[in-house]
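Novice: Sequence:
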Amino acid sequence: MDPIGALIEWIAVYGAIGLIAIGVAERFVPVLPSYGVLVAIGIAAANGAWSVITALIATVIGSLAACVLLYGLTLALGQVRAYRILDWLVGLAGMPASRKDRIISSFQSRQHLLAFGSQLVPTVRLVSPVIAGVFRADPWAFTIATAAGIVIWNALFISAGHVAAAVAPASNASSLAIGVLILLVVAETTLALAWRWLRRPAIDRKRQ
Numbered sequence: 001m002d003p004i005g006a007l008i009e010w011i012a013v014y015g016a017i018g019l020i021a022i023g024v025a026e027r028f029v030p031v032l033p034s035y036g037v038l039v040a041i042g043i044a045a046a047n048g049a050w051s052v053i054t055a056l057i058a059t060v061i062g063s064l065a066a067c068v069l070l071y072g073l074t075l076a077l078g079q080v081r082a083y084r085i086l087d088w089l090v091g092l093a094g095m096p097a098s099r100k101d102r103i104i105s106s107f108q109s110r111q112h113l114l115a116f117g118s119q120l121v122p123t124v125r126l127v128s129p130v131i132a133g134v135f136r137a138d139p140w141a142f143t144i145a146t147a148a149g150i151v152i153w154n155a156l157f158i159s160a161g162h163v164a165a166a167v168a169p170a171s172n173a174s175s176l177a178i179g180v181l182i183l184l185v186v187a188e189t190t191l192a193l194a195w196r197w198l199r200r201p202a203i204d205r206k207r208q
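Take 1 as the starting number for the sequence shown in the UniProt record's numbering and just add one per residue.
Misleading hints may appear alongside valid ones.
To be verified - Restraint ranges, calculated between C-beta atoms of paired labels, are given here:
hint, residue 1, residue 2, range
1, Ile182, Gly15, 15 to 21 Å
2, Val167, Gly15, 25 to 31 Å
3, Gly48, Phe135, 41 to 47 Å
4, Asn47, Leu77, 40 to 46 Å
5, Gly78, Trp140, 28 to 34 Å
6, Gly72, Ile152, 22 to 28 Å
7, Pro139, Ala6, 35 to 41 Å
8, Ile182, Ala6, 29 to 35 Å
9, Ile182, Gly78, 38 to 44 Å
10, Trp10, Leu75, 17 to 23 Å
11, Arg81, Ala12, 20 to 26 Å
12, Val167, Ile17, 27 to 33 Å
13, Val52, Leu32, 19 to 25 Å
Since the hints were derived computationally from the structure, they do not count as laboratory data. In this text, a Cβ means the ideal position worked out from N, Cα and C, and glycines have one as well.
All chains, please: the whole structure from these sequences, using the hints.
Specialist: Okay, structure coming up:
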């Protein structure tokens, strides 16, 4: 059974419009794993459904449009309502409240950097536009930084799917998505531990 592969077959019927639509959908449907979908899109590109460039441009357009929409809606709602929506999104995505508080605190002091970097972190990338709206981040800076992060994220996984299809033509998109998830968890954990170690005072590190 390959549910992600079946989804991609349906998207392929609509071409670039389908790719843009899935780029939008992954922002509003947290249960839809973007990394898995992007890997499957890369596999489909290798099989001739569309070119890698078309896949990248279309998915970036869809994802960025959804981010800008979420950002704009947050601005329109005001901070009180926006905070409620942020809490709801955090709960829906399964993010601990303590992690949310750390991200918000960091965003206040490094808005542009966080707008970019948050697009490279699973789960956080979903709530980043809302956080940017809550703190009234500069619209152009937010859009440019977010677009840059989305391009890197999408290119990474679409390329991974394309390479996987070339190396193992019989690859199952859903099983590949699970493999990618495991790699993501390992990478995120490793980076988090490395960051904590680097932030510790030099004296404490020498004692170890």
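Novice: For each hint, tell me whether it holds in the structure or not.
Specialist: Now for the hints, and whether the structure bears them out:
Evaluation of the 15 to 21 Å hint for Ile182 and Gly15 yields a failure: the beta carbon distance comes to about 32 Å. About 26 Å separates the C-beta atoms of Val167 and Gly15, a value consistent with the hinted range of 25 to 31 Å. Remark: the range hint 41 to 47 Å for Gly48 to Phe135 is upheld by a beta-carbon distance near 44 Å. Restraint check, Asn47 to Leu77: a C-beta distance of roughly 43 Å satisfies the suggested window 40 to 46 Å.
A hinted range of 28 to 34 Å for the beta carbons of Gly78 and Trp140 is inconsistent with their spacing of about 22 Å. As the Cβ distance of Gly72 to Ile152 is approximately 23 Å, the hint placing it in 22 to 28 Å holds. At about 38 Å, the beta-carbon gap between Pro139 and Ala6 stays in the expected band of 35 to 41 Å. Checked against the hint of 29 to 35 Å, the pair Ile182 and Ala6 fails, with Cβ atoms roughly 22 Å apart.
For Ile182 paired with Gly78, a C-beta distance near 40 Å keeps the hint of 38 to 44 Å intact. The supplied range of 17 to 23 Å is broken by Trp10 and Leu75, whose beta-carbon atoms lie about 34 Å from each other. Distance hint for Arg81 and Ala12: a CB-CB separation of about 39 Å, inconsistent with the stated range 20 to 26 Å. For the pair Val167 and Ile17, the beta carbons lie near 30 Å from each other, so the given range of 27 to 33 Å is met.
As the Cβ distance of Val52 to Leu32 is approximately 21 Å, the hint placing it in 19 to 25 Å holds.
Checked against the numbered hints given earlier, the structure breaks hints 1, 5, 8, 10 and 11 and satisfies all the rest.
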